[in-house]
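Chemist: Take the sequences, apply the hints, and build the full model.
Chain by chain, the residues run as shown.
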Amino acid sequence: MMTDIKGVRRQFPILEERIDGHPLIYLDNAATTQKPSCVLETLRTFYSEQNANINRSMHALAEAATNAYENARTIVAGFIACDDPRNVIFTRNATESINIIARSWAASTLKSGDVIALTTMEHHSNIVPWLQLKESHGIRLEWIPVNEEGEIDLRMLKKILQTGRVKLVSMSGLSNVLGCMTPLEQCMSLAHEHGARISIDGAQLLAHKDVNVSALNADFLAFSGHKLYGPTGIGVLYGKTELLEQMTPFLGGGDMIRSVTQDSFTCAELPRKFEAGTPAIADAIALGEALLWLQTLDLNDVHRYTQSLIVHAHHALLKIPGLTLFGPENPSKRYGCASFEIEGVHPHDLTDILGREGICLRAGHHCTQPLHKILRVPATTRLSVGIYNTKQEIDVCIAAIGRAVDRLRKQ
Amino acid sequence: MDLYAENILDHYHHPRGTGTLRSPAVRHREENVSCGDELTIDLTIAGGKIKQIAWRGTGCAISQASMSMLSEELAGMTVEKAEQLDQKNMIELLHVPVGARRMKCALLSLHTLKNALRTYAGRPVQDWNATMRNVKNSSRD
Numbered sequence: 001m002m003t004d005i006k007g008v009r010r011q012f013p014i015l016e017e018r019i020d021g022h023p024l025i026y027l028d029n030a031a032t033t034q035k036p037s038c039v040l041e042t043l044r045t046f047y048s049e050q051n052a053n054i055n056r057s058m059h060a061l062a063e064a065a066t067n068a069y070e071n072a073r074t075i076v077a078g079f080i081a082c083d084d085p086r087n088v089i090f091t092r093n094a095t096e097s098i099n100i101i102a103r104s105w106a107a108s109t110l111k112s113g114d115v116i117a118l119t120t121m122e123h124h125s126n127i128v129p130w131l132q133l134k135e136s137h138g139i140r141l142e143w144i145p146v147n148e149e150g151e152i153d154l155r156m157l158k159k160i161l162q163t164g165r166v167k168l169v170s171m172s173g174l175s176n177v178l179g180c181m182t183p184l185e186q187c188m189s190l191a192h193e194h195g196a197r198i199s200i201d202g203a204q205l206l207a208h209k210d211v212n213v214s215a216l217n218a219d220f221l222a223f224s225g226h227k228l229y230g231p232t233g234i235g236v237l238y239g240k241t242e243l244l245e246q247m248t249p250f251l252g253g254g255d256m257i258r259s260v261t262q263d264s265f266t267c268a269e270l271p272r273k274f275e276a277g278t279p280a281i282a283d284a285i286a287l288g289e290a291l292l293w294l295q296t297l298d299l300n301d302v303h304r305y306t307q308s309l310i311v312h313a314h315h316a317l318l319k320i321p322g323l324t325l326f327g328p329e330n331p332s333k334r335y336g337c338a339s340f341e342i343e344g345v346h347p348h349d350l351t352d353i354l355g356r357e358g359i360c361l362r363a364g365h366h367c368t369q370p371l372h373k374i375l376r377v378p379a380t381t382r383l384s385v386g387i388y389n390t391k392q393e394i395d396v397c398i399a400a401i402g403r404a405v406d407r408l409r410k411q
Numbered sequence: 412m413d414l415y416a417e418n419i420l421d422h423y424h425h426p427r428g429t430g431t432l433r434s435p436a437v438r439h440r441e442e443n444v445s446c447g448d449e450l451t452i453d454l455t456i457a458g459g460k461i462k463q464i465a466w467r468g469t470g471c472a473i474s475q476a477s478m479s480m481l482s483e484e485l486a487g488m489t490v491e492k493a494e495q496l497d498q499k500n501m502i503e504l505l506h507v508p509v510g511a512r513r514m515k516c517a518l519l520s521l522h523t524l525k526n527a528l529r530t531y532a533g534r535p536v537q538d539w540n541a542t543m544r545n546v547k548n549s550s551r552d
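Line by line, the protein sequences are chains A and B.
So the first sequence is numbered by this note's numbering: it starts at 1 and just counts up by one.
So the second sequence is numbered by this note's numbering: it starts at 412 and just counts up by one.
FYI, nobody ran anything at the bench for these hints, they're computed from the structure.
Heads up, a few of these hints could be off.
Stated by the list, open to error - Using 20 Å as the maximum straight-line C-alpha spacing, the simulated SDA-like pairs for lysine to any residue come out as follows: (1) Lys373(A) to Val444(B); (2) Lys410(A) to Pro426(B); (3) Lys410(A) to Gly428(B); (4) Lys499(B) to Val444(B); (5) Lys134(A) to Asp395(A); (6) Lys240(A) to Ser264(A); (7) Lys410(A) to His424(B); (8) Lys410(A) to Val444(B); (9) Lys410(A) to Tyr415(B); (10) Lys240(A) to Ser108(A); (11) Lys410(A) to Glu417(B); (12) Lys391(A) to Ser332(A).
Modeler: Quick look at the structure:
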């Protein structure tokens, strides 16, 4: 490990917090990550020294704010290796990004009977927008099966694509429950060979893998800033130019127009066409700062480190009697998170008790009810790692799980 | 005091009043979809009073202990009084501080009872907003 984790930890002030006297052990990074000082400082500086609306006024503050906002767009574009920042649309979060694809691109391009293919491990945010489209436009959904280890049935994907009806494959790049990565390159070429577009839900993926949209040839990529050490309230939609050009605006209002008359309007050019109203200016700028900060570390090294943490958790969890771990059996195929069930122990009781010791894990269905139906459990407990976690923290957590299980399990 | 106080864990490990009634006046099931907790209540009612109660369910310690403790209170209670039970009564019964994130676990038993009685009376079931109305969180322990 080249990256200095002690140095990294010092940059996250929240890690100094104590919960009822216990040091904070934050292992809920798949829900949201903590923010480094430079991100917090960027927010403070923007509001205390630079605050102005963008793209409007002619004064100095407005120009500085506009430049900083557009600079953040360029940083984001660089982070996903997209050549043209105009292909980067700022949204609130990955969910909103996916909704734009559904409401704007799919709703105006697809016809009744056209098919959208999804995997069975998708987050609700990559299911519900398509179900809404099914109701409103008669779009059909086809489900690509995923086994309990999170492996996509590529033969079924091929079979579904061979019907010739599939217009879009929409899939997560990294499961927020199973911790498995999707073979994106293979899915991408399969979809494209059969004339389908492909949209990647990168909400979990981008914290654990370098994503190059140009090399991948992705049609759309959606992700959130707050899972990448940036603020909440800012997300990204990347789209290919020809797709974004043909899409109708998602929201109408200020900033997204070129001209408005009493009878009609014309849209602004990309990316402003999709950014109606005053956006989350400070949050976009702070997301840029978060990504710059990440890039000051060796990203490949960071990814190797966080994977070594989850591999450590994988082995340690399996030593707990009565525990079933979901996702890849081979720990080297696991990234980001480990979700599990312990016989006779409800996830809410477990995480409530751990929370009282300052240990933050998530319990529930993690917005993946269809996947939990396949796993045949109503809820799981999820441990998810970030850049500032340590193996010692995971060991403390595992020991606390053991004590909680002893307390909760019927004697 | 801890949410997982001894009496809560005791009721969770050794639930009272579980089972089914052969010919209940009403049988009603409710669940918390988000966590998978579920409860089914059987009641017999005569002379405006709850005569017998039996229940079964699965879920977290709080939801199951709460049902176990409530079932001990219900036998012999008038329907009128049972209909008036509210969150405050439940928190007093549990005798532990319940925070916002566990309130639905603690009140699933009350929600199931309320809707069992409404079903018995031929009234439509109420939603969670109605059961949670006026809920004030007890302070964090």
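Chemist: All hints are to be evaluated individually against the structure, with a verdict given for each.
Modeler: Comparing the hints with the structure gives:
Proposed proximity of Lys373(A) and Val444(B) is supported: the alpha carbons are some 12 Å apart, at most 20 Å. A C-alpha spacing of about 11 Å is found between Lys410(A) and Pro426(B), which places the hinted pair at or below 20 Å, so the restraint holds. In summary, the hint linking Lys410(A) to Gly428(B) is supported, as the alpha carbons are separated by about 17 Å, within the 20 Å threshold. Proposed proximity of Lys499(B) and Val444(B) is contradicted: the alpha carbons are some 24 Å apart, above 20 Å.
Restraint check: the Cα-Cα separation between Lys134(A) and Asp395(A) comes to about 46 Å, which exceeds 20 Å; the hinted pair is violated. Pair hint Lys240(A) plus Ser264(A) does not hold up; C-alpha atoms about 27 Å apart against a cutoff of 20 Å. At roughly 5 Å between alpha-carbon atoms, Lys410(A) and His424(B) fall within 20 Å of each other, so this suggested pair holds. At roughly 24 Å between alpha-carbon atoms, Lys410(A) and Val444(B) are farther apart than 20 Å, so this suggested pair is violated.
Taken as a hint, the Lys410(A) and Tyr415(B) pair is honoured in the structure, with Cα atoms around 14 Å apart against an allowance of 20 Å. Between the alpha carbons of Lys240(A) and Ser108(A) the distance comes to roughly 16 Å, so the proposed pair stays at or under 20 Å and holds. Of the pairs offered as hints, the one joining Lys410(A) and Glu417(B) holds, with about 13 Å between alpha carbons and a cut-off of 20 Å not exceeded. Taking the CA atoms of Lys391(A) and Ser332(A), the gap is about 16 Å. The hint holds against a cut of 20 Å.
Of the numbered hints given earlier, the model fails hints 4, 5, 6 and 8; all others are met.
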